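Asker: Okay, here's what each chain looks like letter by letter:
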Amino acid sequence: MALLEVENLRVEFPTRRGTLLAIDDVSFQIEEGEVLGVVGESGAGKSLTGASIIGLLEPPGRIAAGQIRLEGERIDNLPYDELRRIRGKKIGAIFQDPLTSLNPLYTIGRQLVETIRVHTDDTEAQARDRTVQLLTEVGIPAAERRLGSYPHEFSGGMRQRVVIALALCANPKLIVADEPTTALDVSIQAQIIALLKKLCRDHKTAIMLITHDMGVIAETADRVAVMYAGRIAEIGPVKQVVKHPKHPYTIGLMGAIPIVGRDIERLTQIEGSMPRLTNIPDGCSFNPRCPKVFDRCYVERPDLVPTGETTAACWLHAKEKTGV
Amino acid sequence: MSDRLIATSPEPALLELENLSKYFDVSKSLLNRTIERLPKQILKAVDGVSFSIKPGQTFSLVGESGCGKSTVAKLVVGLHKPTGGQIRFDGTNVADAKSIAQNAALRRRWQMIFQDPYASLNPRWRVHDIIAEPMRVFGLAGSSTELSKRVSELLEQVGLSAMDGEKYPHEFSGGQRQRVSIARALSSNPEFLVCDEPTSALDVSVQAQILNLMKDLQRDIGLTYLFISHNLAVVYHVADMIGVMYLGRMCEIATPQDLFRNPRHPYTRLLIDTIPDLEMTGKAREPVAGEVPNPINPPSGCSFHPRCPLANDRCKSEIPKPIHSATGMVACHAAEEGRLPAPQTVAPA
Ligand SMILES: Nc1ncnc2c1ncn2[C@@H]1O[C@H](COP(=O)(O)OP(=O)(O)OP(=O)(O)O)[C@@H](O)[C@H]1O
Ligand SMILES: Nc1ncnc2c1ncn2[C@@H]1O[C@H](COP(=O)(O)OP(=O)(O)O)[C@@H](O)[C@H]1O
Ligand code: SF4
Ligand code: SF4
Ligand SMILES: [Mg+2]
Ligand SMILES: [Mg+2]
Chain A
1 MALLEVENLR VEFPTRRGTL LAIDDVSFQI EEGEVLGVVG ESGAGKSLTG
51 ASIIGLLEPP GRIAAGQIRL EGERIDNLPY DELRRIRGKK IGAIFQDPLT
101 SLNPLYTIGR QLVETIRVHT DDTEAQARDR TVQLLTEVGI PAAERRLGSY
151 PHEFSGGMRQ RVVIALALCA NPKLIVADEP TTALDVSIQA QIIALLKKLC
201 RDHKTAIMLI THDMGVIAET ADRVAVMYAG RIAEIGPVKQ VVKHPKHPYT
251 IGLMGAIPIV GRDIERLTQI EGSMPRLTNI PDGCSFNPRC PKVFDRCYVE
301 RPDLVPTGET TAACWLHAKE KTGV
Chain B
1 MSDRLIATSP EPALLELENL SKYFDVSKSL LNRTIERLPK QILKAVDGVS
51 FSIKPGQTFS LVGESGCGKS TVAKLVVGLH KPTGGQIRFD GTNVADAKSI
101 AQNAALRRRW QMIFQDPYAS LNPRWRVHDI IAEPMRVFGL AGSSTELSKR
151 VSELLEQVGL SAMDGEKYPH EFSGGQRQRV SIARALSSNP EFLVCDEPTS
201 ALDVSVQAQI LNLMKDLQRD IGLTYLFISH NLAVVYHVAD MIGVMYLGRM
251 CEIATPQDLF RNPRHPYTRL LIDTIPDLEM TGKAREPVAG EVPNPINPPS
301 GCSFHPRCPL ANDRCKSEIP KPIHSATGMV ACHAAEEGRL PAPQTVAPA
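Residue numbers (my numbering), protein chains in the order written: chain A, 1 to 324; chain B, 1 to 349.
Hints were generated in silico from the structure; no laboratory data involved. Keep in mind it's a predicted model, so treat the numbers as computed, not measured. Where hints are given, some of them may not hold.
[Said to hold, decoys possible] Taking lysine-lysine and the DSS-like style, the derived pairs with C-alpha atoms no more than 30 Å apart in a straight line are:
{"hint": "1", "chain 1": "A", "residue 1": "Lys292", "chain 2": "A", "residue 2": "Lys243"}
{"hint": "2", "chain 1": "B", "residue 1": "Lys74", "chain 2": "A", "residue 2": "Lys243"}
{"hint": "3", "chain 1": "B", "residue 1": "Lys28", "chain 2": "B", "residue 2": "Lys74"}
{"hint": "4", "chain 1": "A", "residue 1": "Lys292", "chain 2": "B", "residue 2": "Lys28"}
{"hint": "5", "chain 1": "B", "residue 1": "Lys81", "chain 2": "B", "residue 2": "Lys44"}
{"hint": "6", "chain 1": "A", "residue 1": "Lys89", "chain 2": "A", "residue 2": "Lys243"}
[Said to hold, decoys possible] FRET-style restraints, in silico, Cβ to Cβ:
{"hint": "7", "chain 1": "A", "residue 1": "Gln133", "chain 2": "B", "residue 2": "His170", "range": "44 to 52 Å"}
{"hint": "8", "chain 1": "A", "residue 1": "Arg84", "chain 2": "B", "residue 2": "Lys81", "range": "19 to 27 Å"}
{"hint": "9", "chain 1": "B", "residue 1": "Tyr118", "chain 2": "A", "residue 2": "Thr100", "range": "56 to 64 Å"}
{"hint": "10", "chain 1": "B", "residue 1": "Tyr118", "chain 2": "A", "residue 2": "Tyr150", "range": "54 to 62 Å"}
{"hint": "11", "chain 1": "A", "residue 1": "Lys239", "chain 2": "B", "residue 2": "Asn93", "range": "51 to 59 Å"}
{"hint": "12", "chain 1": "A", "residue 1": "Ser27", "chain 2": "B", "residue 2": "Ser325", "range": "54 to 62 Å"}
A virtual CB, placed ideally from N, CA and C, is assigned to each residue, including glycine.
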């Protein structure tokens, strides 16, 4: 049994003009201690998938179908209080803006100590010791002396370190990190990625790492899911997906990324842009932009099928290629 | 050691910056200062920057947030007044162009493209009028049929359709809006475009479209670019020359090949070390510790010294002077003293 199982997840937004289908039949698993990268362009549904897992979908958004199981137990239909207990204790969260996770009115020492005490049996003194230890571990110099500082007294990079300490303090099984380094400078970004990787290895924590940056995924993830228009286009071991992508979207995406040392005059160009939710084409949602499109793609929606070492949702890789 | 070296090289530069500086007074108000007995605070956003761009080439500025890239861009297009130094465009010191007519004649030869294509386009105007505006401002409009014809041409040149002129900015995607800004920038027939993070707000597939378009335009109409980005891979792809900035100063100038194969400035080496390894060679990276210090009270001497593995006493007290070579520049004592280790990082391929 995998640590996290997401099965046929469907997220909808009821609107006046009808229901928008934002996540459409998404399934994947995360093993214990594994880093699953989730990449895709903005609006692909990465954050909504993450929010569904940590139970932070904002109404009117709702899980309309499917299941999410952590260690075999469903967490998608829990009452609010139960969910809050699990979030923090079993699932930690890190967001792009560290200030969404920190309370500006409390010192960082207070916030960490409180969180530890809510989720463990530690005494005040034990929680304090653990706070200092965690802050040191995430690279806050002279942690003991910074306990009394407020979030605004830290730089963006330092704040994100504090948030990582906060996410780790109850020893969760899984951390959902949504664009944790996007707002940071490149040198700080590299530091935070290295830190996340090391901590999760040391603590055997699994990570769902959401980002639009394929480079971050290549450096960090064990497996990667490529999302497009609310679905998974391709999922597989990171090396396979990066070096030998199978889905035409992944192939285009990899060619579109400028790489140092790759001397080419033009980047691969995928024409157009991702469709809006109001306007998702029938059949394969990538069909208006796909260089390999054929008849079947306009009528039937491809499901994920294993193809070599990855799994891709594309009719080119279906067992029987012709027909309709 | 003279900054003239670049200036006197055979092919004349289109743009030359010499010892350019921009200081901002970021002190509290005089009253508060007097009450709290605070000194005046000066932020040196750009401090003695020199470089030049040849016609038809792309010069890229890279560096982390706050290093002064956008300030250089704004100085170049005249949105800021320099504290010191010169900006020469096609041989004329821009600050010296006294008469309004002389100024306008110069000014219409360059245009700027910003990071956020939405904020820079007037939401209440139709795209047609947005694109036509620079032509009207510079009196290039002609009759309204001529104007419409030119706008249609421009729209097609940037990969949109002539009919898109009737739409408003909100009806376009981010990438299409950036195409509109490019069409607008091109409408006054400039030779030189200053592009400040033009693709940073865009998805990679759309970024590829815009970068390809910019390269096509350069090839077809010989545009010269000052292209600012914090993304080293993007810069490698577009630039003929790259300048690396840190806390308002230029660390190193080199061609992309030299910069990535043989980086000389320790800060350049740090930056290159942060590039995620998409080739998946599995090489181990040791991210450099520390963060960019507060620009209001930057470290003495070489402002990179607190983070530099090669720093010595001289670095703490003396600002390194630029050392020019045939193709570039580096400002570092270790480079000058010949105690620079061979670069650890070699660009893949
Ligand atoms: N109008 C201003 N008044 C005061 N300080 C300013 C002003 N404009 C810029 N600065 C400061 O000057 C420095 C350089 O800013 P600049 O915007 O040029 O950086 P940048 O390299 O473009 O950074 P980014 O990558 O974040 O865009 C920063 O410390 C900034 O806070
Ligand atoms: N509150 C909301 N109401 C309606 N649509 C939403 C809402 N939140 C997100 N969406 C839509 O759901 C899709 C997926 O969003 P998101 O998961 O945030 O994308 P990503 O994180 O991949 O950029 C997008 O099309 C987005 O516009
Ligand atoms: S199913 Fe068809 S349109 Fe979709 S990615 Fe495959 S070939 Fe392209
Ligand atoms: S001058 Fe000194 S501190 Fe500055 S980069 Fe060179 S060696 Fe490092
Ligand atoms: Mg998101
Ligand atoms: Mg800027």
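Asker: Confirm or reject each hint.
Answerer: Hint-by-hint comparison with the structure:
Between Lys292 of chain A and Lys243 of chain A the CA atoms are separated by roughly 19 Å; this keeps the pair inside 30 Å, and the hint holds. Between Lys74 of chain B and Lys243 of chain A the alpha-carbon distance is near 40 Å, which puts this suggested pair outside the 30 Å criterion. Pair hint Lys28 of chain B plus Lys74 of chain B holds up; C-alpha atoms about 24 Å apart against a cutoff of 30 Å. Proposed proximity of Lys292 of chain A and Lys28 of chain B is contradicted: the alpha carbons are some 61 Å apart, above 30 Å.
A distance of roughly 14 Å separates the Cα atoms of Lys81 of chain B and Lys44 of chain B; the hinted pair therefore holds under the 30 Å criterion. With a CA separation close to 37 Å, the supplied pair Lys89 of chain A and Lys243 of chain A exceeds the 30 Å bound. The hinted range of 44 to 52 Å is satisfied by Gln133 of chain A and His170 of chain B, whose Cβ atoms lie roughly 51 Å apart. Distance hint check for Arg84 of chain A and Lys81 of chain B: the Cβ-Cβ separation is about 55 Å, which falls outside the suggested range of 19 to 27 Å.
Tyr118 of chain B and Thr100 of chain A have their C-beta atoms about 23 Å apart, which leaves the hinted 56 to 64 Å range violated. Separation of Tyr118 of chain B from Tyr150 of chain A is about 34 Å and departs from the stated range, judged on CB atoms against 54 to 62 Å. Lys239 of chain A and Asn93 of chain B have their C-beta atoms about 55 Å apart, which keeps the hinted 51 to 59 Å range intact. Under the hint 54 to 62 Å, the C-beta atoms of Ser27 of chain A and Ser325 of chain B, about 57 Å apart, fit the expected range.
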